[in-house]
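Q: Residue strings, one per chain:
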Amino acid sequence: MNPEERKIGRILVGLRQASVPPLPALAAAVADRSPVPVGRMLAAAGMLLALVGLLYLVPGRAEDPARAIAGRLDSAEARLSLVDHEELRTLLRREIELLRIELDLAR
Amino acid sequence: MADLEALKRQEPGARERFAAAWWPRVYRMALALTGHEADAEDLAQETLMAAMGAAEHFRGEASEATWLYAILLRRHRSRLRRPSLPIRRPGPPQDRAVQDALSFLSRLPAAQKIAAVLFYLEEMSVKEIARAMGVPRATIRWRLFRARRVLRRTLESRSDPWTTKETS
Chain F
1 MNPEERKIGR ILVGLRQASV PPLPALAAAV ADRSPVPVGR MLAAAGMLLA
51 LVGLLYLVPG RAEDPARAIA GRLDSAEARL SLVDHEELRT LLRREIELLR
101 IELDLAR
Chain H
1 MADLEALKRQ EPGARERFAA AWWPRVYRMA LALTGHEADA EDLAQETLMA
51 AMGAAEHFRG EASEATWLYA ILLRRHRSRL RRPSLPIRRP GPPQDRAVQD
101 ALSFLSRLPA AQKIAAVLFY LEEMSVKEIA RAMGVPRATI RWRLFRARRV
151 LRRTLESRSD PWTTKETS
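Chains as they are written, first to last, in our numbering: chain F, 1 to 107; chain H, 1 to 168.
Keep in mind the hints are simulated off the structure, nothing from the lab.
Backbone N, C-alpha and C define an ideal beta-carbon position, used for all residues, glycine too.
Warning: the hint list may mix true and false statements.
Said to hold, decoys possible - Result set (EDC-like, lysine to aspartate or glutamate): computed pairs, CA atoms no more than 20 angstroms apart in a straight line: (1) H/K127 <-> F/E77; (2) F/K7 <-> H/E123; (3) H/K127 <-> F/E5; (4) H/K8 <-> H/E61; (5) F/K7 <-> H/E122; (6) H/K127 <-> F/D64; (7) H/K8 <-> H/E64; (8) H/K8 <-> H/E46; (9) H/K8 <-> H/E56; (10) H/K127 <-> H/E61; (11) H/K127 <-> F/D74; (12) F/K7 <-> H/E64; (13) F/K7 <-> H/D95; (14) H/K127 <-> H/E56; (15) F/K7 <-> H/E156.
To be verified - If the Cβ cut is set under 7 angstroms, some of the chain H residues that face chain F in the computed set are: (16) A20; (17) Y27; (18) L31; (19) T34; (20) D39; (21) D42; (22) S78; (23) R79; (24) Q94; (25) V98; (26) F104; (27) G134; (28) A138; (29) L151.
Model the full assembly from the supplied sequences, consistent with the hints where possible.
A: Have a look at this one:
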């Protein structure tokens with residue numbers, strides 16, 4: 001780490017001195033997933049597929065294929081950071097994997 | 001990892017041991033994200049409860065810390081989307097070092113704040129942070145770069161008690 005990073009680290013490490021309240025009584029465990037109606041999930045998956053399909057069908061301006069794929073990859077990653085639901089996250093991760101493979105092939 | 005395995009096997013007392021083991025770290029991480037003690041307490045409590053409910057889904061591909069912080073981050077983002085919560089009374093004043101750290105972090109947008117705290121406070125690797133946040137490593141490096149730039153400007157613009165400490 002360079003001196004600047006060490007300085008930043010020293011400041012943030014101050015948080016370790018935060019007084020921690022006593023552990024509250026925890027109720028029955030709640031699973032880290034919110035139930036989503038199947039219909040909404042299917043609709044979301046359908047929209048995702050429609051979007052991917054549209055990107056192939058709509059004529060775009062001529063541009064470097066690798067750059068276009070990199071743009072779609074950035075967009076997919078940005079969407080992933082906004083999504084909570086595990087099933088949708090799984091679909092998006094899969095999309096991202098495929099885009100990465102496509103990007104490698106395009107280069 | 002032993003606490004999580006005990007939790008998965010539903011051993012007696014496993015929930016209490018797991019919660020007691022992780023509460024301080026999860027609370028401090030929540031405090032870094034929310035900047036407010038009462039919100040941090042709520043967020044940390046929600047995170048631990050969610051983690052205990054999802055323990056059976058933990059497959060050990062990431063470290064326990066990475067997995068927990070991923071849950072905490074999702075809970076935090078979910079809370080940000082809720083309608084505003086009622087204003088709470090502030091808790092007892094924190095140590096100066098804590099206030100300085102929180103003040104520093106308040107200058108960063110959420111994504112950079114999270115990356116900076118996981119990197120500098122929790123000393124997680126870029127790979128682990130990327131897994132926890134669900135983004136590529138290059139994105140994390142970029143966020144850390146941006147965070148350092150903001151924090152460098154903050155240091156330069158102050159008459160700088162930190163610089164004074166550095167040189168004394």
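Q: If any of the earlier hints don't hold here, list their numbers in rising order.
A: 6, 12, 14, 19, 20, 21, 23 and 28
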